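Asker: Listed here are the chains, written in short residue letters.
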Amino acid sequence: MKSKILKKAIKAPDFLNDPAEYNKSFSRGLKIELNGSTILEISGTASINERGKSIHIGNFSAQAKRTFDNLTALLGSAGAGWHDVVKTRCYLRNMRDYDKFNKYRNQFYKKQKLALFPASICVEAGLCRPELLVEIEATAILGKK
Amino acid sequence: MKSKILKKAIKAPDFLNDPAEYNKSFSRGLKIELNGSTILEISGTASINERGKSIHIGNFSAQAKRTFDNLTALLGSAGAGWHDVVKTRCYLRNMRDYDKFNKYRNQFYKKQKLALFPASICVEAGLCRPELLVEIEATAILGKK
Amino acid sequence: MKSKILKKAIKAPDFLNDPAEYNKSFSRGLKIELNGSTILEISGTASINERGKSIHIGNFSAQAKRTFDNLTALLGSAGAGWHDVVKTRCYLRNMRDYDKFNKYRNQFYKKQKLALFPASICVEAGLCRPELLVEIEATAILGKK
Numbered sequence: 001m002k003s004k005i006l007k008k009a010i011k012a013p014d015f016l017n018d019p020a021e022y023n024k025s026f027s028r029g030l031k032i033e034l035n036g037s038t039i040l041e042i043s044g045t046a047s048i049n050e051r052g053k054s055i056h057i058g059n060f061s062a063q064a065k066r067t068f069d070n071l072t073a074l075l076g077s078a079g080a081g082w083h084d085v086v087k088t089r090c091y092l093r094n095m096r097d098y099d100k101f102n103k104y105r106n107q108f109y110k111k112q113k114l115a116l117f118p119a120s121i122c123v124e125a126g127l128c129r130p131e132l133l134v135e136i137e138a139t140a141i142l143g144k145k
Numbered sequence: 001m002k003s004k005i006l007k008k009a010i011k012a013p014d015f016l017n018d019p020a021e022y023n024k025s026f027s028r029g030l031k032i033e034l035n036g037s038t039i040l041e042i043s044g045t046a047s048i049n050e051r052g053k054s055i056h057i058g059n060f061s062a063q064a065k066r067t068f069d070n071l072t073a074l075l076g077s078a079g080a081g082w083h084d085v086v087k088t089r090c091y092l093r094n095m096r097d098y099d100k101f102n103k104y105r106n107q108f109y110k111k112q113k114l115a116l117f118p119a120s121i122c123v124e125a126g127l128c129r130p131e132l133l134v135e136i137e138a139t140a141i142l143g144k145k
Numbered sequence: 001m002k003s004k005i006l007k008k009a010i011k012a013p014d015f016l017n018d019p020a021e022y023n024k025s026f027s028r029g030l031k032i033e034l035n036g037s038t039i040l041e042i043s044g045t046a047s048i049n050e051r052g053k054s055i056h057i058g059n060f061s062a063q064a065k066r067t068f069d070n071l072t073a074l075l076g077s078a079g080a081g082w083h084d085v086v087k088t089r090c091y092l093r094n095m096r097d098y099d100k101f102n103k104y105r106n107q108f109y110k111k112q113k114l115a116l117f118p119a120s121i122c123v124e125a126g127l128c129r130p131e132l133l134v135e136i137e138a139t140a141i142l143g144k145k
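Respectively, the protein sequence lines represent chains A, B and C. The first sequence lines up with residues 1 to 145 when you count with this note's numbering. The second sequence lines up with residues 1 to 145 when you count with this note's numbering. The third sequence lines up with residues 1 to 145 when you count with this note's numbering.
Hints are computed from structural coordinates only; laboratory data are not their basis. Where hints are given, some of them may not hold.
Pairs involving identical chains hold if they fit within one copy or between any two copies, as the list cannot separate such chains.
[Unchecked claim] Pairs of lysine-lysine residues, derived as DSSO-like cross-links and limited to a Cα-Cα distance of at most 27 Å, are as follows:
1) K11 - K113
2) K111 - K11
3) K111 - K8
4) K24 - K110
Quick caveat: nothing in here was measured; it's all calculated off a predicted structure.
With the sequences and hints as input, model every part of the structure.
Answerer: In structure tokens form, the structure reads like this:
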């Protein structure tokens, strides 16, 4: 059996700029269609805006909100939502923000009315810009529409 | 071709508590069935017990044992085992425990009689509780039974 | 529908040694064939040579080159290339090397003539040997040949 794979870049230009704008070689996400299923691989996403500028400097909860909103926009542009996400990997600059992170995520997923939470990991790690306090990458799997 | 996806939470309540008990919005793992295959995404797992309490404080090898035992229980609850694991991501609080980590993993996989070792990465990173010394997340892929 | 899964280890012995040589229980990568598709899970890969020795000590760009070359060799041994990679996870010992990392990756992907860049994340984390400055793991998905 031979299977065909279709891949394309995921973009949400109203929320995040294209990494090529600052000369970076990665996609915000990839949509991979194979065998009647779709896998989304979303890149590490943080509190940046449509011009690629860091926003909400110094405010963890506002950065968490923007990060989740950016991820939602990327998922949405591929016809997906949070109920399709199977794993998130969350990186905090300071683990002392862990309680704030959980508080915001609880609220956010509640609004999303998630019946089943994604698998997840959260570790402390340095991020690519000193002012960013949280970064999240995600994998989603969904049935073909 | 339209494909149906079935997702459910992976639990091993005799080993690890439900994250909801401490008001966290993630699943210990997800079982995703699609196209006659099954993917397991297991969350970051550490040396905690069935009440969610950190155990074996200060003892790296005992924490490693409990972490692998917790992962085994999660895999088992989804009808899987270590021979189904295709990647582990291992996070150590202190890379000086790397030799102890490898020593324990060698022993553990030997007991599991693994013919083929998972792909893996091991980095040093801060974990969600200061007393935890090792955390591991895993992805498994298996044929439908 | 029952699906059969074939798994085998990915090796590139002219570039990287087998982890068993230094008594480590992981594979350089796994090739997983299922449902007419192939998934490659490549382990964390760094600037080491065919004898498992760290090379290019102190030279970030040379280490980046060797890391990408090792990954290329692992992909190639499984009949794949960079156009099949859907996600990379990049770990830098010092985020101050981030510009050098991007510069090298830009050049490398340009030479590979990638039409679509993988999704990616890059964080700062301690690596398993103090002299290693960059480590990358990758996931690839490809159609059956």
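Asker: Compare the structure with each hint and give your call.
Answerer: Okay, the hints, checked on the actual structure:
In this assembly of identical chains, the alpha carbons of K11 and K113 lie at most 27 Å apart whether taken from the same copy (24 Å) or from different copies (21 Å). Taking the shortest Cα distances, K111 and K11 sit within 27 Å of each other both inside one copy (23 Å) and across copies (24 Å). Taking the shortest alpha-carbon separations for K111 and K8, only the inter-copy value of 20 Å comes in at or below 27 Å, while the best intra-copy value is 29 Å. When the C-alpha separation of K24 and K110 is checked against a cutoff of 27 Å, the pair qualifies only between copies, where the shortest distance is 12 Å, while the shortest distance within a copy is 34 Å.
Comparing the model with each numbered hint stated earlier shows that all of them hold.
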